[in-house]
Amino acid sequence: MTAGIDLGQPQAQSVRSDEDVVRVRQLVRAVAVAVKLSLVDQTKVVTAASELARNTLVYGGGGSVEVTTVDNGRRKGVRIVFADSGPGIADLNLAMTDGYTSGGGLGLGLSGSRRLVDEFEIETSPETGTRITVTKWSR
Amino acid sequence: MALSTEESGRLAALLGGQAERVTTRWTEIVTSSLRGRLSQAELRRQVEDLHRAIVATGQHGEIDLASENAAELRAALTELSRGRARQGFSATETTISIFALKDVLAELVQEAGGATALHDFVAFSKLVDEMGLFTFESFVRTRESLIADQAEQLLELSTPVVKLWEGVVAVPLVGTLDSARAQVVMERLLQTLVDTGSPYAIIDITGVPAVDTQVAQHILKTVVAARLMGADCIISGIRPQIAQTIVALGIEFGDIATKASLADALRHVLRLSGVETARRQPRRGV
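Chains as they are written, first to last, in my numbering: chain X, 1173 to 1311; chain E, 1176 to 1461.
Everything labelled a hint here was simulated from the structure, so no lab data went into it. Just so it is clear, CB atoms sit at the ideal spot from N, CA and C, and this is done for glycine as well. Check before you lean on any hint, since a few could be wrong.
Unchecked claim - To be clear about the criterion: a stretch of chain E counts as covered by chain X if any three or more of its residues have a C-beta under 8 Å from a C-beta of chain X, and this derived list gives those stretches: (1) 1181 to 1191; (2) 1380 to 1394; (3) 1424 to 1430.
Chain E with its partners taken away, still in its complex shape (with noise of 0.2 Å):
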């Protein structure tokens, strides 16, 4: 795959003779594939990057993109496509930065001819092509970890615990429990039941949309952990095709308090907690 000492040097004589005119043409062909959601200047300034690392490589001798020599322009490949996929573009707009410098590379070799020209093309278009896989491999791991990244900010977003009253916490629960949830819910549960000292705990499953074995068997096993920490638990928002379930399913939550929504929950821990709540009078002679 890699190109020869020779081919590298023609290369590298190609495009490094007449660079301006190369970089030009490349971010015109880049420029209308793009339709303007990139700035001339930025695109121009990638563009010059990948050109000048081309070239630095081809007058080093051979061009093969695993090898020690071509670390640089590993690296402008990646930045590129490290750029694109965080600004949104999607996999062909990116490789298409690539692939526009085959279109040059076809007009300067048709242009200075000679007797190697197709067998010269062959090559570095071989040799796009690669760069073109280098960087839709990179652009994918790039998405990916952004993937994942975003997958633990939701871990992260979706499980707050919340202070209802003096003395009460709440977690309202949101989607699918699943046993790194699950983990994550108990730990801040518990934590903040340490850090604010509250007698009572609500946990609300309104949002989960099924309760299944496993849902309610993390469900128990955070309210047992919490009572061993000296705080009472209720669940509320149990749905009624949710009730409905859990009695088929055969799901016993013993002498745990449950409520069918948030408000009965915290009225029932108010009064437990000696808290009188009335309606006032409304006014009269108004």
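Chain X extracted, bound-state conformation (with noise of 0.2 Å):
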């Protein structure tokens, strides 16, 4: 799976059913083995990614995932853009409360990943759909 990976090229992947979250799964996990992240750094990337990509799918409908390096001339990292146009999140602050899900998880998928990277933001309306953008950084 790594030996076909261009850095510096943004990788895309679209969620269009379960199979496409596990590929999403591995392009992270090559995107992070290549940046050196440690094997903690790489499991938490990966799983939030996971949960976002299946968030994309469940609740988004569908979407697409890009993933790039990033570096900031000290560190570098993972960037992961996960973007739907489904019907975006009503209550954001409800939303990313532990425990609360409008579907039948464990409510942890959204709040538990911002835990996991360095980075989180999310921008979503009923309009443009949601759009979620995570960096993990090497240590």
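Could you fit the two chains together into a complex? Lean on the hints.
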């Protein structure tokens, strides 16, 4: 899987099915290994990507994921953008509360993912859908 | 796309008139492209079947692959592509067996000459293209069904429930735990608990690369279901990075016993069930 990854280019993956969530996971893991994240950080960012990609699929009705490497001069990192054109999140504060779910999950995906990464941004509206950007830096 | 009755008749006459020569030449061309991966005799048989089907269809009137008339031809093409797909030939190697007919036809038409030569060759060529596409379609369909079969087999293979000790069963999970597999795991585990009357079950997640909330939820549901049946569940194989991720996500396993390795889990269960394990004293004076 890692052989075909060009780190200079953003890697895109559409999310339309459960198999695509697995592909997102593999892609993120490959990029995380390439920027030399520690094993713990790899696992964290892969898990966060898995959660958010599944949210894109289940609540956003499918969308796309883009994985890029980032470099701030001192450290390298992985940046992942999850975008869907679904109905958006009605109450962001509520959605970010541990244990709240509008589906049948544990209600930890969104709030838990935020704790797994270093930077977490979320833009959501009923018109444009939801766009989540997360970044994990190497240590 | 279909060949008219006159064209079909001419095609049947052209191919049928020199049956021996056509099949030999056809087999020759295909053999060179397959590089000896299929025996000459087998190939010749397939080519003869196809040849016979085309001639028979042509004699009956117009050749249209979609029509009732061409059922035999379609069956021959399907059989060929199915065989190739199962033997692991590539799509090119499969369809070339059909396209090779074009070379043969070009030679025959050229020899026969006549006013309709060019017109006929174009029409025959179209038919061959159509046959090639049909073969390709059925090749892909066969491959897809193979893949589906394999996915199903994988599902079966990857979820064994093993008996570790009297009254202790274990499920070593490997790979991605999606909803379908979680369902299979749960069913197998619960059935094994009934069949063996085991009071303890160990779910080992050493081989699960990432534990997200969905995986955790599936495991928790399985544990709760096992408990309802009176069995105690232990989760083992929690590696350091998984433990840290679970904490950060905020997943709580509550009062479910968890262990770092399968060995720890087995020891824990044996102690609970009153089996004493002791290291034997090394023999002295040997």
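Exercise. So which of those numbered hints doesn't the model satisfy?
Worked result: Checked against the structure, the only hint that fails is number 1, while the rest are satisfied.
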